[in-house]
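Novice: Listed below, chain by chain, are the residues.
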Amino acid sequence: MKRLSFARLNEFFAAIAASNALYLPVDNSKGKAEYKKWQEGTEMSRQLNTLRSAKDFFFPQTENLMEFKMDGKSVEVIDTRREAEDFVIFGVRACDAASFKILDSVYLVDPVDSYYKTRREHGVVVTLACARPAETCFCKVFGIDAADPAGDVTAWETDEGLMLRANTEKGEKLLSLTAALLEEGDERAVEAAQEKTREIIEKLPLSSLSTEGLGAGKTAELFDRPEWKALSEACLGCGTCTFVCPTCQCYDVRDFDTGNGIKRFRCWDSCMYSDFTLMAHGNSRNSQVERFRQRFMHKLVYYPDRSGGTFGCVGCGRCLSRCPISMNIVKVMKTLGGKNK
Amino acid sequence: MNNETLIPYVGIVTEITQQTPDVKTFRVEAPGGGKLFEHKPGQCAMLSVPGISEAMISITSSPTNTEYMEFSVKKCGCLTEWLHAMEVGQMITVRGPYGRNFPVYDELLGKDLLFVAGGIGLAPLRSVINYVRDNRDKFGTVDIVYGSRSKDDLVYYKEIVEEWCTTEGFNVHLTIDNPQEGWDGHVGFVPNFVKELNPDLKKTVLMCGPPIMIKFTLAGLMDLGFQKEQVYTTMELRMKCGIGKCGRCNIGNKYVCKDGPVFRFDELDELPNEY
Amino acid sequence: MQELMKKRAIELLADGTCDRVLGWEKGDFAYDQTPALFHTAEELRASFVYNGFSAANLSKYLVKECRAGGKIAVFLKPCDTYSFNQLLAEHRIKREMIYVIGVACDGKADVEKLKDAGIDGITDIREEGECYVVSTIYGDKTVKKAEALAERCLNCKSRKHMAYDELIGESGEVVPNSGRFDMVEQLEAMTPDERYEFWRGELSRCIRCNACRNVCPACTCEQCIFDNPKSGVAQKAAVNSFEENMFHIIRAFHVAGRCTDCGECSRVCPEHIPLHLLNRKFIKDVNSFYGEYQAGEDPAARPPLGRYEKNDIEPGEAGGNRA
Amino acid sequence: MQRIGVFICHCGTNIAATVDVKAVAEALGREPGVVFSTDYQYMCSESGQTLMRDAIREHKLTGVVVCSCSPRMHEATFRKAAEKEGLNPYMVEIANIREQVSWIHKDIAEATEKAIILGRAAIAKVHLNKPLTAGESPVTKRALVIGGGIAGIQTALDIAEAGFEVDIVEKEPTIGGKMAQIDKTFPTLDCAACILTPKMVDVAQNEKIRIFSYSEVESVKGFVGNFKVAIRKKARYVDEEKCTGCGICTEKCPQKKVPNAFNMGLDTRRAIYIPFAQAVPKVATIDANYCTMMKTGKCGICQKFCGVGAIDYTQKDQIVEREYGAIVAATGFNPMKPTQYDELGYATCEDVVTSLELERLMNAAGPTAGTLLRPSDKKHPHTVVFVQCVGSRCDAENEKGKPYCSKICCMYTAKHAMLIREKYPDTEVYVFYIDVRTPGKNFDEFYRRAVEQYGVHYIKGQVGKVVEENGTLKVQASDLLSGEQLHIDADLVVLATAVEPDKSARSIATMLTASMDTNDFFTEAHAKLRPVESPTAGIFLSGVCQGPKDIPETVSQASAAAAKVIGLLAKDKLTCNPCVAESDEMLCNGCSSCEKVCPYGAITYADKEFRGPNRTTLIRRVASVNAAVCQGCGACTVACPSGAMDLKGFSNRQIMAEVDAICKM
Amino acid sequence: MQDVKEFRPKIVAFCCNWCSYAGADLAGSSRLSYPADVKIIRVPCSCRVNPLFILRAFQRGADGVIMAGCHPGDCHYTSGNYFARRRMTLLFSMLDYLGIERERTRVEWISAAEGAKFSKTMNEFAATIAALGENKRLEDLRCKN
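Listed in order, the protein sequences are those of chains A, B, C, D and E. According to my numbering, the residues represented by the first sequence are 1 to 341, in order. According to my numbering, the residues represented by the second sequence are 1 to 275, in order. According to my numbering, the residues represented by the third sequence are 1 to 323, in order. According to my numbering, the residues represented by the fourth sequence are 1 to 665, in order. According to my numbering, the residues represented by the fifth sequence are 1 to 145, in order.
The hints are simulated quantities; they were obtained by calculation from the structure and are not laboratory data. Quick caveat, the model's predicted, so the values are computed rather than measured. Take the hints with a grain of salt, since some may be wrong.
Unchecked claim - Derived coverage of chain E by chain C (criterion: at least 3 residues anywhere in the stretch with Cβ under 8 Å from a Cβ of chain C; other residues may be distant):
| no. | region |
| --- | --- |
| 1 | 26-32 |
| 2 | 46-57 |
| 3 | 93-103 |
| 4 | 128-141 |
Built from N, CA and C at the ideal position, the CB exists for glycine as well.
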């Protein structure tokens, strides 16, 4: 356990930024936190969490996959992959840190997605334990401890300063870059902070949410439930929930004709979109009820089926505050789950 | 060339055969000759014309063919129209192979096989059929029931007549939907034809065709006393990445591109009815 | 108010005026209300809600509901009735299938304003006179209603219902100087460079979630050109600044003369982009170039892009105040 | 994928001198889809066309790009040539490398580069071209003329003369219109009735012409060649077939106090009436507003006296449906009622009259049997003041009047002045004018005769006030030339009021989807080149409904409209322009945005059943374009937000492909 | 690369078939020159010009877009240019509002008889665009390499 006095936070960032691109939450013009590259003078946001999730670092909204040159009948494939620069994300919360595991379980299983893998290898995640969770937080429901987040390095804001613990080799290496600024820290300060956080978490309105009746193996029970219709009735079919979600990982591959060649890029897609499963001769999910059901079944049943029970939601609460019509996974769980009424 | 499954190979179309008015078969080879990659019967590949789109197409040639791969494509959308318009020598991109194959290396060994196909549905089965022809000693008898709207809509007709019909242990049963001049074979729909043929219950069934045909043939087979565990089919759904990541081709917890496209009917029973 | 509405809805279901009621359903934290269909008195009693957080404009749902058949009762706030009229004018909904209950509105609250003021951990919000009493896990807070008023309600253009079958509460008046173009004017007064910087700063945050489009009561296309691969302009992601601009310019253009300025686009934008400033620019231009026109005021009125005058202003003459 | 052939024309040296045609042919030959590319001296020549036809055949071309002169020059030539070879003519596109390249650029490299880019754009477009076929629609060989004034009469007679059936719909009980009310015509001073009534008789006797008098157009459906019109025959309570026009009923009717509209209300007639002696059809009409029988159920005198039993008090309006290939609007005009000009005293002084009222006062068949007597005391006036431009040529701010010149007033006032001076030399005549406008054959001579020979006092100035004092009209006016204020004691003041399109024209224009200007005159398809056609195909314009005209202009325009109609009706089928809008029903929202900008009324809506998701059906309102009516402007395509509306031959994709090709680096 | 090349603006001119395209023909037959940077796209009427086309041109690398149609009142289709005028007025005003140089877009009414005006307009417009420099604010970098 290392300790950094808050007074030296800026030096700490500068030391990291000297050899890595350092990203941390910064308030934007609307007062919302978003990850920005640190430079001298950048002030870290005091918000609980960023508006968009940290998945953007590993799975950006759009990325070029390759290019094609076409000439007459010939086609040439150009691999545009470049070696990524090393980067550090500071201030990731427990929920987003947990989401990386979920993304890994999709992108790093065979066949491995090399675009994702490269960025994952080059990124160091410094998490920050929550001190003041919000009413929309429910990570506890999925066994995530906001007071003890995962990541290469975990940090706590305590009365004695910023406490840092390296969890991985990458984390160790990062801390060693800043060794000059760090002192040995006292575990007890961390424990005190954690206790405070956990106390608040107990009081959160959604902490008592139950996953009973949901999870692996529940397809047959849940798929044809009549409640899906009423739940999805107001859904606009927009992609807000998917795009702010740290675990949504669906994408589309599209070609863009620049006039001088074809750029093939990948971009986020949403299972809420009507054209998501559209093909030349039909659509397997024709109505918004089916698309809505797919999203929540995926998070609450299909993903757990494939991951040994882990849910595909980390309880970050972004969809709760961003959905234009305030329909969200909590309402779905309460309606369909066993013990939430 | 690459270690990224999303980056395709470039292949040259070396031969184009018009199978039916709306189906063409494309022979694809690597620019330097030979196959782009090895595959197993029932697997698919992503064909693409950059700038147009990508589509998952089953590999209709047998893995035993060492010179080239073949794809049969029905004209039904933007990409397929483009493919139909192209000429020999055109390069296209191919990536794969993707998905689960028919279990020719294990479960099907030594079995009597009944292939049931309708229309373009024969394309994925052709890979298996020719694999079985080339490994005649490893499998039992082969019955092929194949039907289409008319005689002109039967794909691989020449191959069926000249090669499959003449293979020992092969019984080919063709049918068309309506009577037609110059056709003295069976007339009627595939599901009824299968029932009429009353196949031996020991056979393992491999089936592919339009959904309506599959539905009624399966019902017919059940009536005859077949078990769902004996029947395989191959599915087609909206597929984009081909590797179980982009998230659109799932039926319940299974991704068709990765966990399929070949499924046994008892497996499909466990999945929600969303295909 | 809420109880009156609930009672009336129950009566309308009972007397067969409608077979379902479109309203708002309460959520977990008082502010997270979901538009919902109520089919029975029980459903209404259990979860119908109407208060300062019932912000959603329900008119667009009528497009879908009119296709489902039956007779629908709907609660519409004054600004929603403009959207309603516009939908009628464009034949997207059928008047005879809908029973409109106009409900009074004195402005809706924006919970983001509470959160921006540092109020977090909200578990409940009660209205007490001119204030909201906010219960949070970190203690109770009292906030003046006016301080929580949503941006669009600060410049409310009209408290008057443009259409209704019956009213609950009173219908107000059109607000003569709503000040809704103030920000547009401020932007017009900037230099092009400043304007460019302003809009880049805003639009670069767009994540192309389509919430603005999908919530918009004027965007009811069977298929949006941006979703239609055959249109040649389909886009799925805000790949770069051009596509961000393109989407929002074309969307604003497609609703020009049709947008009623209900403000839903800005309300739902997860990135808080002031999209209404694009629409208001067109509204302001139409007003100043072609005479006052308020979409949704009169369903029989001819839209500004569907008519012309011989002496209309020339494109070269029109423009903001350039520095 | 198209198989495209590219042909670069040298145009002698017109192109080849500045554009390296070989290089262009070579560069375009490498474009995707191009299977043949060549250059030739004169592509438009017989041998050039043969070259193209041979290539189409040999290379199985599906598309052709000719890089040559403007498409306005030879597009049709090349399209015809391609068609002869079995290629759809709309698969040919032209890249204009003469007017847009070789003739305006000097630098060979620059010109060649631009020619290649324009060629690429044309190729990009052809890739998206689709074969188009021009549709055909049959033609109903009958015309409808709305309005039975001199314009309608002349048009109908000319059309009938060519052997086609014509119907005239006239809202009054008789045809004849305004000309029937006029006494004499300028500049010849022949009697209007003497030249009009024989034409009216010709109409009545022509077997091809059917008159629907006392009738109005109720609705118009269909399009050029195929209009369906509902005509309302208003009840006249007299059986037209039986009535002989003997007029006994009009003498016996006890209700004598009906203002006589034909005489501008200057005298009275009976409740049953024939407007004037030469009316066509000569059939009586009961004015239900005044008829005692109709109002009280007691009277029935006319019925008693009618020898043929033509009176039928129970008659109802009748709707007649007729089909037409062409429609002519000849709805005419009315002189404006100047009641809004308080200062001119029309509403208050009996002896302030309009020019048309003066016509009746001077007409032998009028209320005074042709003797000029002023209305108030039936005395002969000794001082007559004419006021010009009443309600015409007004400023935009002046909401009382019209902005345009009514064109005929100067001349008829000169006529009136002259006639009065001739018949009553003791009468002083003053004319107050702003300008005297006399363009026309023998017009200025006529005006000068009025001044020089007849001593009419023409004063450039405006009349400020007219008030009656002891039976005299005190006229206050200013003489703009001398700058003096004038006070004239007049016995009669005549106002030359503005010509106004008939009130019924607006609703008829709406039914015809023919556009009107802000003054409610019909708009012509082209102000110079198509003055008698409306922009809506199959709708033609005759007479003052299109703008103020005198009689000879009206008659010549009427004949011109007839010629256009005859040209249309002479065809058995109409070939439509294939580059028309089409609506993709799957995308159409039914919002009517497109309809609002269509100048031709070519877009209609219908509720159609569609397959919804999951085996449901839904009814949607969708637009469809009548290809026979659409002229292909494309206004609708931009009004449509969903992209459902597109224009064949100039589709969104095609134009964007051209843009792409032009902007390519 | 871009920086070594002299800046040659790309200009797209949408011309209505009946007036302005004919005006361009007249300019051509009168040998009235204008820069080769101007490339014409023929449309039936100015009302056929969709804002999409204009944005598309900028996306694909155009530095200026001009629309030319019949003089108001002279439209072959009676009213097309009146609608076009309203659309373009609003669109250009919006582009200006977004801070995009308003000189990059222009509308001119050029009749079939105005070959000289066509040439003069295009010369002026090309000069304006050349002075403005490359379109940066509505560019799509993907199309620029």
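Novice: If you look at each residue in the region 26-32 of chain E, do at least three have a Cβ nearer than 8 Å to any Cβ of chain C?
Specialist: violated (count 0)
Novice: Are there three or more residues in the region 128-141 of chain E whose C-beta lies within less than 8 Å of some C-beta in chain C?
Specialist: holds (count 5)
Novice: For the region 93-103 of chain E, does the count of residues with a C-beta closer than 8 Å to a C-beta of chain C reach 3?
Specialist: holds (count 10)
Novice: Using C-beta distances, would you say chain C covers the region 46-57 of chain E, given that this needs three or more residues below 8 Å?
Specialist: holds (count 4)
Hint 1 from the list above is the single one not met by this structure.
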